[in-house]
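Sequence order for the protein chains is W and V.
Going by the working numbering, the first sequence opens with residue 1, and the numbers climb by one from there.
Going by the working numbering, the second sequence opens with residue 1, and the numbers climb by one from there.
Just so you know, these hints were derived from the structure itself, not from any lab.
If you're wondering where the values come from, they're calculated on a predicted model, not measured in any experiment.
Take these hints with a grain of salt, some might be off.
List of simulated lysine-lysine pairs, DSSO-like, C-alpha gap at most 30 angstroms [claimed, not checked]:
#1 W/Lys123 to W/Lys8
#2 V/Lys155 to W/Lys123
#3 W/Lys74 to W/Lys27
#4 W/Lys27 to W/Lys49
#5 W/Lys8 to W/Lys27
#6 W/Lys5 to V/Lys155
#7 V/Lys107 to V/Lys155
#8 V/Lys155 to W/Lys27
#9 W/Lys75 to W/Lys5
#10 W/Lys225 to W/Lys153
#11 W/Lys225 to V/Lys244
#12 W/Lys74 to W/Lys5
Chain V is faced by these chain W residues, among others (derived, beta-carbon under 7 angstroms) [what the hints assert, rightly or not]:
#13 Glu15
#14 Met21
#15 Gly64
#16 Ala86
#17 Asp103
#18 Pro108
#19 His110
#20 Arg173
#21 Ala175
#22 Arg177
#23 Val178
#24 Thr180
Using N, Cα and C, we set each Cβ at its ideal position, and we do this for glycine too.
Below are the chains, spelled out letter by letter.
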Amino acid sequence: MDQVKDKKILLVEDEPELLRMLETILKRDGFHQVFVAPTVSEALSLTAKCRPDAAVLDVMLPDGDGFTLLGEIKKVRDIPILFLTARGEAEDKILGLGLGADDYIVKPFHPREFTLRLSAVLKRTYASAMKNEMPVMTLPACVIDLGKAEVTKGEETFLLTAKEHAILTALCRNANRVVTTDTLCQCAWGDDSYGYENTLMVHIRHIREKIEINPSDPAALITVKGLGYKLVV
Amino acid sequence: MWESGENLVMLGYPRNTMMKYYWSFPTHSIGSFPMTLLLLGVFNLLITIGLSVFLTRRITNPLSNIAEGIALLEEEKEVELHERGVFEGLAQSINHTSRLIHEKNHKLRLRDTAVSNWLTGISHDIRTPLSMVLGYSGLMEEDPDLPEATRGQAKIITENTVRMKNLIENLNLAHSLQYQLMPLSLQPIRLSNIARKAMTECVNTGILQNHPYEIRIEDECVSALLDEALFLRAMINLISNSAKHNREGCTITIAVPPSENKVACLMISDTGMGISRDVIGRLNQQDYLSAWTKQSHGLGLIIAKSIVEVHQGHLTIETINGRGTVITIRLPVHQ
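Using the sequences plus the hints, can you model the full thing?
Given below as structure tokens:
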């Protein structure tokens with residue numbers, strides 16, 4: 001999704017070397033509109049001038065802290081905000097106090113993690129404006145279009161029911177990873193969904209009938225004994 | 001006076017040696033004389049009791065003060081007794097002991113704060129340089145312009161920086177668990193649920209590549225009040241410990257038996273080489289720092305044990321050398 005890379009990113013960090021490194025990381029990963037500010041005041045004037053689409057803030061800044069800056073920025077522009085934090089104990093504060101931060105990254109972090117988290121936040125915020133908000137998965141036997149809630153297998157097209165859609169969405173989001181039956185039940189039936197395991201098995205069988213060539217010998221939606229299911233892509 | 005015929009005997013006392021009183025009584029007072037006597041007796045008795053109470057008080061009061069002082073000593077609170085009276089010496093030594101305990105505690109607190117501050121300071125200040133190292137090594141690792149060998153070296157730098165980061169995070173976690181600085185967000189969670197989650201996480205992150213696993217849930221419904229993220233971490237630590245120390249492979253099993261006597265139970269066992277008695281012994285030391293510095297085993301097991309303990313649970317390890325290990329976690333059942 002190239003639209004993500006077109007977004008304007010504001011980086012606020014007081015450590016100049018770290019600021020340069022973050023800029024390098026973002027530019028290498030294709031973000032070409034990156035603005036940097038070492039202080040709260042510069043960040044605010046940049047926000048007014050350049051109208052960024054997302055901001056990455058350090059918690060501790062020379063002329064104030066990131067939390068206050070977040071409030072100031074949100075007053076002017078309602079954009080997603082990601083925190084960089086050096087202290088573990090601030091995590092609760094960031095997510096718990098309803099400050100409106102979208103995510104946080106604890107230093108030190110791998111560059112890949114940084115851009116992944118930023119892209120995820122951008123996608124989440126601007127998804128409706130961009131195409132393909134729901135993933136399309138191409139499996140050897142079929143194509144699953146979660147946006148349209150349909151599966152195309154050869155010539156045939158099957159519609160997915162609401163529960164099947166919820167279960168498949170969870171499996172697609174964690175493609176090639178095992179998802180526990182508990183998590184799948186929770187996705188389909190909400191919290192406290194104990195006791196739906198058998199119903200889940202029925203739904204899985206229906207999904208297999210739609211996406212597998214041979215539903216009784218599944219190749220894509222695999223049972224992981226004792227744990228749950230895995231969608232192999 | 002005695003008269004006999006004409007003889008007369010007179011007895012006398014010298015002058016000013018005798019006195020004569022005339023008492024006049026109302027007639028009824030003579031009648032109530034036995035009652036008066038009784039009243040006098042009762043009065044006497046009362047005075048005797050009063051006096052004895054007063055005198056025992058004089059002795060027991062300071063004694064009870066001293067007893068109170070000793071009770072306070074037991075709770076390590078400050079004691080300041082009056083150093084007077086019968087028990088002056090005893091009071092002095094109690095006060096002295098109290099001062100000694102107080103000073104010791106103060107020093108201990110200073111030490112704890114120092115360790116705590118040191119840890120926070122180090123972990124805070126090391127994060128920015130580590131960010132730089134990890135950031136650039138990560139960039140180099142994925143830079144297609146660099147030769148293969150250099151990228152491999154960058155990967156080693158990255159891996160080791162991540163190890164340092166994990167070490168600092170684990171030390172911080174162990175510290176806040178030991179001093180109960182960790183806010184817990186407890187909620188009822190089914191043990192079967194968290195067992196599957198932990199095993200799945202280990203499968204997904206590739207910890208269990210070489211290790212067949214088994215999950216045995218005998219009762220789906222046993223639940224306990226848990227901080228999910230924290231408890232999951234303990235379980236993952238235990239599973240990955242089994243995997244790490246038995247690289248050539250072993251079967252790892254999680255079992256959730258039915259609860260007994262309001263105790264929920266979770267067992268993580270492997271068929272590996274077992275944990276040495278030494279390591280288990282050190283694990284039972286009070287202080288995470290001494291448990292850690294004296295062993296090469298890492299913090300994983302120590303953290304898992306502390307996490308179980310902040311949930312009011314117990315972790316026990318049974319091991320047979322060369323035959324495997326069974327780790328049993330017991331928790332209070334949530335109804």
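Results for each hint:
no. : hint                 : verdict
1   : W/Lys123 to W/Lys8   : 13 angstroms, holds
2   : V/Lys155 to W/Lys123 : 29 angstroms, holds
3   : W/Lys74 to W/Lys27   : 25 angstroms, holds
4   : W/Lys27 to W/Lys49   : 21 angstroms, holds
5   : W/Lys8 to W/Lys27    : 11 angstroms, holds
6   : W/Lys5 to V/Lys155   : 26 angstroms, holds
7   : V/Lys107 to V/Lys155 : 45 angstroms, violated
8   : V/Lys155 to W/Lys27  : 21 angstroms, holds
9   : W/Lys75 to W/Lys5    : 25 angstroms, holds
10  : W/Lys225 to W/Lys153 : 27 angstroms, holds
11  : W/Lys225 to V/Lys244 : 23 angstroms, holds
12  : W/Lys74 to W/Lys5    : 22 angstroms, holds
13  : Glu15                : 6 angstroms, holds
14  : Met21                : 5 angstroms, holds
15  : Gly64                : 19 angstroms, violated
16  : Ala86                : 4 angstroms, holds
17  : Asp103               : 16 angstroms, violated
18  : Pro108               : 4 angstroms, holds
19  : His110               : 5 angstroms, holds
20  : Arg173               : 13 angstroms, violated
21  : Ala175               : 11 angstroms, violated
22  : Arg177               : 4 angstroms, holds
23  : Val178               : 5 angstroms, holds
24  : Thr180               : 4 angstroms, holds
Comparing the model with each numbered hint stated earlier shows that hints 7, 15, 17, 20 and 21 do not hold.
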